[in-house]
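Could you put the whole structure together from the sequences, leaning on the hints where they help?
2 protein chains.
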Amino acid sequence: MNREKNVFEHVEKRDTIFRGNYLNLEMLKVKLPDERFANWEIVRVKDAVAILLVDKKRNVQLVRQYRPALGRVLLEVPTGLLDGKESAKSAAVRESEEETGYRPSVLQDLITYAHAVGYSTGMITLFLGTELEYTGKIHLDTTEFLEPVCMSFDELLQLVKTNQIIDAKTILCTLLSEELVSNIS
Amino acid sequence: MNREKNVFEHVEKRDTIFRGNYLNLEMLKVKLPDERFANWEIVRVKDAVAILLVDKKRNVQLVRQYRPALGRVLLEVPTGLLDGKESAKSAAVRESEEETGYRPSVLQDLITYAHAVGYSTGMITLFLGTELEYTGKIHLDTTEFLEPVCMSFDELLQLVKTNQIIDAKTILCTLLSEELVSNIS
Chain A
892 MNREKNVFEH VEKRDTIFRG NYLNLEMLKV KLPDERFANW EIVRVKDAVA
942 ILLVDKKRNV QLVRQYRPAL GRVLLEVPTG LLDGKESAKS AAVRESEEET
992 GYRPSVLQDL ITYAHAVGYS TGMITLFLGT ELEYTGKIHL DTTEFLEPVC
1042 MSFDELLQLV KTNQIIDAKT ILCTLLSEEL VSNIS
Chain B
892 MNREKNVFEH VEKRDTIFRG NYLNLEMLKV KLPDERFANW EIVRVKDAVA
942 ILLVDKKRNV QLVRQYRPAL GRVLLEVPTG LLDGKESAKS AAVRESEEET
992 GYRPSVLQDL ITYAHAVGYS TGMITLFLGT ELEYTGKIHL DTTEFLEPVC
1042 MSFDELLQLV KTNQIIDAKT ILCTLLSEEL VSNIS
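Just so you know, the sequences run in chain order A and B.
The opening position of the first sequence corresponds to residue 892 in this note's numbering, with each subsequent residue numbered one higher.
The opening position of the second sequence corresponds to residue 892 in this note's numbering, with each subsequent residue numbered one higher.
It cannot be assumed that every hint is accurate.
Because identical chains share one entry, a pair is satisfied inside a single copy or across any pair of copies.
The calculated DMTMM-like cross-link candidates involving lysine to aspartate or glutamate, where the alpha carbons are at most 25 Å apart (straight line), are [claimed, not checked]:
#1 937 to 1046
#2 922 to 1035
#3 1052 to 1070
#4 948 to 1022
#5 920 to 1069
#6 1052 to 1000
#7 948 to 938
#8 976 to 1046
#9 920 to 946
Think of the hints as simulated: they come from the structure by calculation, not from any bench.
Below, the structure is given as C-alpha cells:
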C-alpha cells in the first residue's frame, strides 16, 4: 500500500544476530519517512495458541507453572507453540489434553492478537473449549512442570477483575468468554 | 515460599548475552524440580504504560504506527516505556500529551499484566484517561512517526470485537473500559 510506504517506515535490511531454541534475535535497519535510518531490535518467536477449558458446571481447567523470565509462579490457561503445519485449533486441542488431561470437543474462536508489538513477531490465537472429556492423557515435555488447578469460571473472573492474574492470554480468554460462558447450561 | 522451591524450577545462573538499545537477551540456567538443569532464553525489556483516552463525547484518541517486528501499521492506544523513577501514572499522562496532544486530568487503573510470560520480563500497566484537555504539545522521538486517529468508543469496541485490532494492550484497554465509559455522561 503506497500510503503506508510514504507515511511510515519500512524495513531495508534484516540480520539475525542470535539463534536460540526458543527465539531468534534480529537487527532491522528501518528507513524512516524522512529518509533517515534507524536500527530496531526484534525477537522472532513461534506463534502460539491458548485455550480456556470450561465444563458443563462452568468449572475451568488451569495450570500453575514457574515462569523463569518473571521469576514467579503464574496461574494460566493451557498454552503451547504452533509447530509447522499444525492448525491453531488442533494445537489447542492437543495442548489441552497434554497439559490438563481434558479434551474439548467444541472450540470457539475468541481472538488473535500480537502480544508485544514493540519488539516481537509473536501472535497468539485464543479459544474457548467446551464439551470436555477427561482422557487423563497428560503428556508434558521433559522440562515442563505444571500443576493443574480447577475453579469456577466466576472465581477466575474475580481473580482477573482484582488483577490477581497477570498473564495477558489468561486475562483475555476470561474477559472474552464471559458472555459465552453465561450461556452454558 | 518453600512449596514453590520444591515443586517448581528456580534460576541458578543468569548471563546477559546481548545488550541492545531496546532489549537485553539473557540465558538462564534453571534447576528443575527433578534436579536436572535446563537453559532458558529470556528478553529483558523496560516495563511500559498504555492509556485509553476518552473525552466527554465518548470519543477516543488513538495512534496509527508502523511496527517493524510485525511489518505492518497498527492502530493502538498511546503507550511508552517506563524510565527510571517516573511513576506509571505520570508516564501515562506524559505519553498521552506527547503522542496525541491531549492531557487527561483523571486516570483510572485498569490492570497490570505480563505481556509475554514465556520469555519476557515486561509488565504493562493500563489506564483509562478522562477529562481531556487539548494542549497540542505533541512531542515525538526523532524516530517516532505516528498518525492520530479519533473515533467513538463504540467504533473502537466494534473493531476489537471483530478482531480488526490485534494489539494486546489496546484490546485490553477497550474491554476493561467498557463499563467505565458507559458511565461517562
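Evaluated hints:
| no. | hint | result |
| --- | --- | --- |
| 1 | 937 to 1046 | neither (31 Å within a copy, 31 Å between copies) |
| 2 | 922 to 1035 | between (41 Å within a copy, 12 Å between copies) |
| 3 | 1052 to 1070 | both (15 Å within a copy, 12 Å between copies) |
| 4 | 948 to 1022 | within (11 Å within a copy, 43 Å between copies) |
| 5 | 920 to 1069 | neither (43 Å within a copy, 39 Å between copies) |
| 6 | 1052 to 1000 | both (22 Å within a copy, 11 Å between copies) |
| 7 | 948 to 938 | neither (31 Å within a copy, 38 Å between copies) |
| 8 | 976 to 1046 | neither (36 Å within a copy, 35 Å between copies) |
| 9 | 920 to 946 | neither (49 Å within a copy, 38 Å between copies) |
Hint compliance for this structure: hints 1, 5, 7, 8, 9 are not met, and every other hint is.
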